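Student: Could you put the whole structure together from the sequences, leaning on the hints where they help?
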Amino acid sequence: MAGVVRDVMTTNPVTIEVGETVHELARRMKENDIGDVVVTDGGTVTGIVTDRDIVVRCVAEGGDPAGGTVRDIASGDLVTVQPDTPVDDAVQLMRARAVRRLPVVENGRCVGVLSVGDLAIERDTDSALADISIAPPNR
-4 MAGVVRDVMT TNPVTIEVGE TVHELARRMK ENDIGDVVVT DGGTVTGIVT
46 DRDIVVRCVA EGGDPAGGTV RDIASGDLVT VQPDTPVDDA VQLMRARAVR
96 RLPVVENGRC VGVLSVGDLA IERDTDSALA DISIAPPNR
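Under this note's numbering, the first residue of the sequence shown carries the number -4, and numbering increases by one thereafter.
If you're looking for bench data, these hints aren't it; they were derived computationally from the structure.
Do not rely on the hints blindly, as some may be mistaken.
[What the hints assert, rightly or not] Here are the computed lysine to aspartate or glutamate pairs in the EDC-like style, where the Cα-Cα straight-line distance is at most 20 Å:
1) K25 with E12
2) K25 with D46
3) K25 with E15
4) K25 with D59
[To be verified] What follows is a list of derived Cβ distance ranges for each label pair:
5) R22 with D2: 27 to 33 Å
6) G58 with T6: 19 to 25 Å
7) G30 with R104: 20 to 26 Å
8) L88 with D46: 20 to 26 Å
9) R90 with G30: 17 to 23 Å
10) V86 with G30: 18 to 24 Å
11) K25 with G58: 17 to 23 Å
12) V111 with D28: 14 to 20 Å
13) D59 with D36: 18 to 24 Å
14) E117 with N27: 20 to 26 Å
Keep in mind that this is a model prediction, so the values were computed, not measured.
The C-beta atom is built at its ideal place from N, Cα and C for all residues, glycine as well.
Tutor: Right, here's the structure in full:
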């Protein structure tokens, strides 16, 4: 069983600057076959955006993905962890803040993302969530 976040996080996170368009955000998600992108402002991690955020905070509100910016839809009040944070502490933080993903930040730079899927793969290998998380994408 892994002891620290570094052991279970997804590495090489995709990032996007706050001023980029929602359309560019969606394009990056498609290219990388992912559902979340870490938001930066001048390289500093400031938020996270999910595919659900695009739908709920842009499309459903009648927003223009080509003209709207990441800043308009990014989740605020961000919580992050460091690679050497104990996994149990990260889990407690995710529970307390009701978040499914935590950006992992080291020296001000995003080095990974810890998701509930990562935790399922590590801690509950027989779960449906673990199976879904390791399965190839459905296209």
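Student: Against each hint, give a clear statement of whether it holds in the structure.
Tutor: Against the structure, the hints:
With a C-alpha separation of about 17 Å, the suggested pair K25 and E12 falls inside the 20 Å cut-off, and the hint holds. Of the pairs offered as hints, the one joining K25 and D46 holds, with about 10 Å between alpha carbons and a cut-off of 20 Å not exceeded. The suggested pairing of K25 with E15 holds, with an alpha-carbon distance near 16 Å, which does not exceed 20 Å. Restraint check for K25 and D59: satisfied, since their Cα atoms lie roughly 18 Å apart, inside the 20 Å limit.
For the pair R22 and D2, the supplied restraint of 27 to 33 Å holds, since their beta-carbon distance comes to about 31 Å. With their beta carbons about 32 Å apart, G58 and T6 fall outside the hinted range of 19 to 25 Å. Between G30 and R104 the C-beta distance comes to about 22 Å, which sits within the given range of 20 to 26 Å. Taken as a hint, the range 20 to 26 Å holds for the pair L88 and D46, whose Cβ atoms sit roughly 23 Å apart.
Hint check: R90 to G30, Cβ distance near 20 Å, so the stated range 17 to 23 Å holds. Look at V86 against G30: about 20 Å separates their beta carbons, and that is inside 18 to 24 Å. Separation of K25 from G58 is about 18 Å and conforms to the stated range, judged on CB atoms against 17 to 23 Å. For the pair V111 and D28, the supplied restraint of 14 to 20 Å holds, since their beta-carbon distance comes to about 18 Å.
A beta carbon spacing of about 22 Å between D59 and D36 agrees with the range 18 to 24 Å that was offered as a hint. Between E117 and N27 the Cβ separation comes to about 22 Å, which falls inside the hinted range of 20 to 26 Å.
Comparing the model with each numbered hint stated earlier shows that hint 6 is the single one that does not hold.
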